[in-house]
Structure formats: C-alpha cells, structure tokens
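Two chains, two frames, some hints: make the complex.
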Amino acid sequence: MNKDVWVFIEQRNGKPADVSFELLSKGRKLAENLHGELKAVVIGSNVKPLAEETFKFGAAEALVIDNPALEHFRTIPYSRILTELVEIHKPRIVLFGATVIGRDLAPRVASHTKSGLTADCTDLQISTVKYLKKDYEDLLLQIRPAFGGNIIATIITPDVEVQMATVREGVMRLEPLPSPVKGKITNIPYLPNELDELIKIIEQHRQENKVNLKAASIIVSGGYGMGSKANFKMIHDLASLIGGDVAGSRAAVDAGFITSDRQVGQTGVTVRPKLYIACGISGAIQHRAGMSESNKIIAINTDPDAPIFGIAHYGIVGDATQIIPMFINVFKQKLR
Amino acid sequence: MHSIVLVKQVPDTANISGQVMKEDGTVNRAKLPAIFNHEDRVALELALQIKDKLGGKVTAITMGPPRASDVLRECLFMGADDAVLISDRKFAGADTLATSYVLSEAIKHLGKYDFVFAGRQAIDGDTAQVGPQTAEKLGIPQITYTEEILEIKENSVKIKRKIDGGYEILESALPVLITVVKDASFPRPYKAKRIMAYKNAKTLIELEKLTEGNSLLYIDQLKEEYQSKNLYIKTLTMDDLKLDEARCGVHGSPTKVHKIESVVLAGGNHEMIPPDKAGMSVLIDKLMEDHILG
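So the sequences go chain by chain: A and B. Just so you know, we're using the numbering used here here: the first sequence kicks off at 1 and counts up by one. Just so you know, we're using the numbering used here here: the second sequence kicks off at 1 and counts up by one.
Don't read these hints as lab results, they were simulated from the structure. Every clue listed holds true.
Computed spacing ranges between beta-carbons, pair by pair:
| id | chain 1 | residue 1 | chain 2 | residue 2 | range |
| --- | --- | --- | --- | --- | --- |
| 1 | A | Asp135 | B | Asp183 | 46 to 52 Å |
| 2 | A | Asp237 | B | Ala30 | 44 to 50 Å |
| 3 | B | Ala30 | A | Gly227 | 29 to 35 Å |
| 4 | A | Pro189 | B | Arg89 | 47 to 53 Å |
| 5 | A | Glu71 | B | Ser262 | 46 to 52 Å |
Heads up, the beta-carbon is just placed ideally off N, CA and C, and yes, glycines get one too.
Only chain B is shown next, with the shape it has when bound in the complex (with noise of 0.2 Å):
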C-alpha cells in the first residue's frame, strides 16, 4: 500500500502575541512561530498504522515556502519513507483551490498510489477544502472527518466517520482520499535514532544554500551524496510538475482578501462590578429588576 500525507507547517494562531500584529492592524508571519499542523500529523499516524499493518510506503508531501522543510523532517523522524517540498515563488497566494491544483498535480507525478491522507483543516484558515478540492481534482472519492478505519481489503477501504449528530461507516474503493479528525489517533512520538538519521536531511534549496560562496561544492554532486545517504528532501518545483502559471498562487486562486481590518475594540460601556459580595449583591438585584433572573 501506498500513502501519500499531506501536511501544512502553519502559523501557531493560538500563540498570537503583541509583536506579532504590526501598527496597521496587519499580522507579521515573519514572527510568528511555524508549527506542524496537528490534524495533518494524526493524517501520518493513519498512514504509518497501515504501514507497520501491511506493509508498503508512506509519502509526505506538502506545499510551502523553504522552511517548511521543517515539517517534512518530522515527518521523516515520525516514520515517513519518503517527503516531498513543492515549493515556487509562483505558489505564493494561493487559495485553496490553486492549492489543490498543485498538490493534486505532485501527486500524480509522485506516481501510483492507494490513500491519500490529510488532516481535517488547518488551524490558519480552518477551511477544510483542499482535502476534498484536491480529491475532485485526482478524480478521487473522499472521505471527511474520518474517526477510524475499520478494515482494509486488496482494493476497498472502511471506514467510520462523523456526521453530524452521529456517525456513518462507509465503504470506498481505492484509491481515496480520507481527511481526519483530531480524535482519529494519537500521533507516535519522534524516534531518537530517526531523529539522529535525518535530522540533516535538506531539501533541493537548502543544499543550494550550502554550495554559496563555496567553489568547491557542486550542486549536482552535493544533490547525489544526499540521495545516496537517503537524506534528499525531494524538491518540486512549477516546471519540473509542468504547471499551467495561471492555475498557480495568486493568479489562480477565485479568491482575493479585499479589506483586512484590525479587531478594533469598542471603548466598552460596560459597568464595573467589583470583584466581592456586595458587588454580587448590586449585580443580582440588577438582573431581577430587567426579570433575567429570579
């Protein structure tokens, strides 16, 4: 069996602290700091659970800037075989839907495959789209809001999922594509030794870095050491998956931000209650005066 992952390094928009908003109300990405998204690794946890079960393959991919080889690395410390960077200039703005035409199109470069794994949404923009845009794209079923996998067969898959107000088991041909639900699994912990083996694993771009001012270190010769130590982040870009420019980044994507505002606050006309009985008392006999309570 083979499972291609895809995961999002994503802003920790829980941790958004003062530094981070700029004075036009605007967020700095810069400060913020990059995390693995959390959905996406139970999405590996599934794919590495049928792995450890029958055997085969697990591919994760994601779409992003240089950094988010750092996600791709814990994925490999995780137990992934093999991890995939599209990355391009080109990308940037993208929606979910020139999202999906990118990772769809890696996907089918990436070859053969039996799953396709995500995580539900990704906490920058909890949309939950590219799971399901990237499915219609690959011609694909989906499954949303996977719970559990109950059963594989040679060419069919079972599954429980939520819906709303309860549950459904489904059954899919393969290949699908199933987003997951947080409660799905617990991811495993990073192995040490898998740590120590690919924690210098790089990507196409950071091994460009290192040949920088540096005469005596060819790329192409650099790019076949990492191979052959099994430490090469497969790196893509727009023309090595021969994308249409127009369907890409901000050039694809329907959707355009037309205003940002801050969350201004209104002064707050609000009463003060002090913090002790007679302030309870005061504010009691206010709600039974309006007959809230009482």
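Next up, chain A with everything else stripped away, as it sits in the complex (with noise of 0.2 Å):
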C-alpha cells in the first residue's frame, strides 16, 4: 500500500495560502511515521516558483498541473484534476486547508474517490487501531471537537484507501527546515475538458486580509458575555490601551459584535499570544482549540464553572463589563 501524504498547495493570484504550509510541516511528520513520502500538489498558472518554496517545508516531491486555464481556483478542473491523481497514485493520506477553496473542493474529490474526509480537524496522529475486532496498522487519528464542543471525537477511517482531512489555518504549526530538501518537480500535463467551463468566474475582489491575529503578542477577546454590541466597545478600549488586539468566541460573532474575521476558535483562527484576556467567554471546547497555547491566560467570567478558567492562569470571577473599566482605570494610574 502506499504511503505517501499529500498536501493540497492553495494558492491565490499565486501567492501560497499559510495553511498549505503548516500542513506540509504536519505532513512531513506524519510521512516520517508511516515511512512514506511527503508530496505536494501544485495546480495553478505559473507555479514553479511556488511548487519549489514547498521543498523549504520537507516535500520530496511536488505533483505540478501548471496552465493558463488554472490561474484561479474553478470548482470543476481542479476537483478533476486532483480526482485522477489520486485514483492513479492512492496516497495514504490528502490534507487540505479548511479555507472557502479547500471546504469546496475537498469533498467534491471525496465522494468521487469514496474516501473517508473529516473537516475542521484539531489534531492529526498516525496509530496503530483496534476497531471492531481487527486491527488496523497505522491509521490516521483525525482528532476534533464535536457536538457542540462537549465531546472530542476521534475518528478513522479503517476500510479505505485514502484517508482526507481538512484542518483550519494557525492550528498546526509552521516549521520551515534550515534547508530545503532536493525535492523533485514532476509536470503533469492539463488536459481541458469541455465540462471544466460549465461555471465561468466574472469578477473576483480581494483584499489583503489587514486582520493577522496570529502575529499579535496580546489580543483582548469578548464573548457572549459582553452582553451588546455597545459593550463591546470595552474591548476596544482595553485593547488599544495595552497594545493589543481584539477578537471575539464564535458566540460574539453570531451576536454581530464582532466580524468573523476576528474569531478565534475551531472554525476561526488558532492564536498562540503572550498575553490572551477571555472576557466574558465560557470557553467552548472549539475556543480553547484555538486558544489554549497563550502564555499567559487572563479569564473574566460571572461563572466560577465556566470551562474558561480550566486553563487560565488567571482568574477572575465578576461582570466582565465592570472589571474591564477597572482594569483600565488602575492600569492608567499605574503608567502615570
């Protein structure tokens, strides 16, 4: 059976995608474990460049479908493309990122295959399983929370070829090598296919994402707990004045206090701070998820029970929307 893990390598208007790359330096340890071969796969309109920045994170070899007609990410050809390479080579393992491209493509090339794929994956492991009596050697765990948060499941996928994931960007980390690996480009031709135009993109806009809490060194966070929109602001307030920046549970951005760009948590983003204060958060297994490896942890919340205090350093038991103004208040003092 082959051993090989695959990375999907995301890329828009040929910049790489971050997550492509925490996943390749996932993947490289994971290859290690089943002694197989990290590979990447690149598709896009000139990428070569691209497809040799992935041998900087470990991988042997990088799969390369470079054409004009791929420049963008279109649902059909690269769910195509990525279909037939799985069928011919059956690696071991394929992970993507959890981004609008990768939610879209991934199951599309999973129901074709009949793999198993498990979204939004915390933690990956390579182990040896007992399931129903047989054992199974070197399966992937694919490790997330679920139910709402109250329960962590790992799941498996014993009786197929290829094992998918999708993880989220932040949640593994990025570990480039001193020195890139002599990794090998293998070109594999396009070949259009009259279906591949059936969606036509018009017009596509983006923006920089000016949002990058993943390098911030402290980040003030509301919850629910905040109570309103207007009482949000506190959070501002108390970020701008440590140096900080602001982020929210995904409760507070159900609420419309804050903008989904700013969560952190399973389905948002992973953030490893100095300093990270949970103000008015319960901590939902999905937020400590994305969370839990801060330095330092500061929790506010009214409930002596709630989760968050599990793994804060510190704690305190009150109205986030009264401790906050102090904090500030006697914080001024001091810098006075």
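Shown next, in the form of structure tokens:
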C-alpha cells in the first residue's frame, strides 16, 4: 500500500496560503511515521516557484499542473485533476486547508474517490488501531471537537485506501527546515474538458487580509457575556490601551458583536499570543482549541464554573463589563 | 423553474444543558431540542424568491428519522409546494458520503430540476461536505458560500459568492447546486394561513401510526385521502429508491468514530484575582513583572 502524504497547495493570485505550508510541516511528521513520502500538489498558472517553495517544508516531490486556464481556483477542473491523481497514485493521506477553497474542493474529491473526509481537525496522529476486533496498522487519527464542543471525537477511516482531512489555518505550526530538501518537480499536463467551462468567473475582488491575529502578541477577546455590541467597545478600549488586538468567540460573532475574521477557535483562527484576555467567554472546547497555547491567559467570567477557568493562569469571577473599566483605570494610574 | 431544497433537522447544539450529557460523557440526542438548521431555511428562502419571480415549484427534502417531518411541515408553512421525507432504519449512522449518496438518488428520483439549494453547513457537524458531495454525485456544478443571486437566465445563473478575503461573481450553467451562507437572505415568517392548511400534513410513517390499533382505518385509503387534500408528505425508503444497501448508513460511511472523550476540565491551577481595584493592581503588577504589559 502507498504510504505517501499529500498536501494540496492552495494559491490565490499565485500567492500560497499559509495553511498549506503549515500542513506540509505536519504532513512531514505524518509521512515520517508512516515511512512514506511527503508530496505537494500544486495547481495553477506559473506556479513553479511555488512548487519549489514546498521543498523548504520537506516536500520530497511536487506534482505540478501548470496552465493559464488554471490561474484561478474553479471547482470542476481542480477537483477533476486532483481526483484523477488520487485515483492513479492512491496516496495514504491527503490534507487540505479548511479554507473556502479547501472546503469546496475536498468533499468533491472525496465523493468521487469514496474516501473518508473529516473536516476541521484540531490534531492529526498516526496510530495502530483496534476497531471492531480487527487491527489496523498506521491509521490516521482525525481528532476534532464535536457536538457543540461537548465531546472530542477521534475519527478513523479504516477500510478505505485514502484518508482525507481539512485543517484550519494556524492550527498546525509552521516549521520551515533549516535548509530545503532536494525535491523533485513532476510536471503533469492539463487536459481541458468541456465540463470545466460550466462555471465561468466573471469578476473577482480580493483584499489583503488586514487582520492578522496569528501574529498578535496580546489579544483581548470578548464573548457573548459582553452582552451587547455597545459593551463590546470596552474590548476595543482595553486592547488599544495595552497594545493588543481584538478578537471574539463564535458566540460573539454570531451575535454580531464582531466580524468573523476575528473569530478565535476551531472554526476561526488559532492564536498563540503572550497574553490572552478572555472576557465573558465561557470557554467551549472549540474556543479553547484556538487559544489554549497562549503564554498567559486571563479569564473574566461571572460563572465560577465556566470551563475557561480550567485553562486560565489568572481567573477573575465577575462581570467583564465592570472588571474591564476597573482594569483600565488602575492601569492608567500605574502608567502615570 | 424547479428548485429542490435540502433541509436538515439538527440538535440545538447551542443549548446543551446538563441533562443532555450522559454520565459516561456521551450525548443523549433524545434530550436535545431539535431545530430547523438555520442556513437551510435561508436556502429555502432563496428558492422561494426564484419561484416568486419566475414561477415554478419548490420541493423540500430531508433525510432523517421520522420526527424530521417537523422541519418539512415548517417548509410547507414557509411556502414550499412539496415536501419529501427520506427515512429508513438502514440510513442510521450515515456520514456525509453515505448521506450525499441517498440525497443524490432521491433528487434523481424526483425528476427534472434546475436548482438544488442547501445551507452551507449544518450546526451539528459544521462539515459543509454534503452539498458538494451531492453535486458531485449528480454530476452537476456547485457554487458554495453563495451570498446573492444576481441574475437568472433561461439556462444560466449569475451568483455572488464569498471567497477568502473577498468575493467573486460566477456564472453557472443549469442545473447547479448552490449552498448559501446565513446572510444571503432573511427567511420569511410562516403564514398563518399556511400553518392552518399544513399543520396536519403527514408522512406515511405518521399515517401508519394512526391506523395502529384502529381496524377501521386502512393505510392505502388514508394515504389517498391525505394526497387528495394535498396533506401527504411523500415518504421514501431505501427500497423505494432502489438503493445499494452497502452505500447507505453505517455500511456506506468510510468515517468511523473510534473514540469519544467527554471534555474533562483539568482542575485548573489558576490564581484567583479578586474582582476589585486591589485585585486589578496585583494582576497588573504581575503582568508588568513578566514584561507582558508596560
């Protein structure tokens, strides 16, 4: 059986998505465990430099499909190309970023190849597993919170050849090698198909993402417990005072307190700042998955049993809308 | 235009209380309130808007246990012309691959269509996989993350969709499968008249319950009566759809749950800070000492 680990390298206007390199870093370890090879699949136009960049993260081979028709992601040609490659080579594992593109592409490929696919994994491991009294060697453990965060499920796909998973940006650590490996580039021709033209791109508008929570050293984050959008302004005030960035939990995003590009957690961004202040956030596992590796965590919550206190370094039981102004006042006095 | 809308009844994962978690840490699904997945409701709204503008028909379908008929009645309240329940014990334990197989076969069974709509994802799994996998099995294009339908022509549709860091406008041939984000539209409220008309709509399973222990009621007659009153919710099983059992339910699902751990919180070695000025002062001093603040 093939033991290779593939990573789909996502590019937008020729620029690679961070998550693809993060997945290469994780994929390298998975491939080592499996005694297989790490391979990058690069689809686009003029993507040879991008293919070479994957060697910095340990890809032994880049499968490159380079054609002007493939400049922008389109579901049908991309999924057709990847499906054909998967069917020919049968890699053991294929990883995708859980981006808009990855979440559009991966299920289509998994459906055609009848592969298992697990979305938004927060951890991936290789292990031998006993399932229904049968031993399976070297399965991919696909670990993700489920059911509103009340449980952590380990998903396996024991009886299929190809195991697929998507992972959010920032979940896996980016680990460039000290020096690139001597990788091989394999060019694969693009054979157009009339079905590729069923959907045409008329316009595309993309702004550089200005929000970069991953790089923030201090994050002040608010949850549903802030009560209202007006109260959420305190989060901004505190953040600007102490030089931090503003973030929120999914509940805060759903309530309209903050935009989704600042959501921390399993379906948002994973952050590892020096200081994370969680205000009115109860700390469901999905949220904790996105911030538990912060260096120092301060939790402010009215409920002394809130799960957020379980991972906090400093806990304050109280209403964040009263605590934050107090913190701001005392801090300003100390600065004087 | 014929639009088929895929809807799902989901456990209300946002409102999980103590009762719902069993002692062994697993979830007691029966205790969870079941609700209409919101993004599916938005999908139905878009389909109804097309019907309002261009005429045609809207069919809502769901795969689920018998009680999923609740969301189908809600679809009828909102304005769907037809509702279809696909239900069979053999569908239990289906992952997204097995689900999309059943749904795609049911869609083929329903005949000609121009659009298949679905919510972007369901709140119980958040996978967003069933839409694209159903499109693949139907052999039709897909547009996920739809924010707005801009224009519909006889054989094509123009759509604005979200992409990472922005949006794009696509033109697709019909038929196409469209998944929608929650901001794509605001679902219309139920009409009192339609609630009165359809609150007694029943699936075959529900009609069978009525005949149980009542020797005067015959299921075929009852079904005919409900059909004539337009109150019959079409009910399809694995056999009705002539499905391959090996591709349904747990057998047709490559993903298996190997292990479930309830989330046990570590005792927490956090230091309690009193919620007052003195407490804040102590906390800020500590953070300054560690060169995190200041």
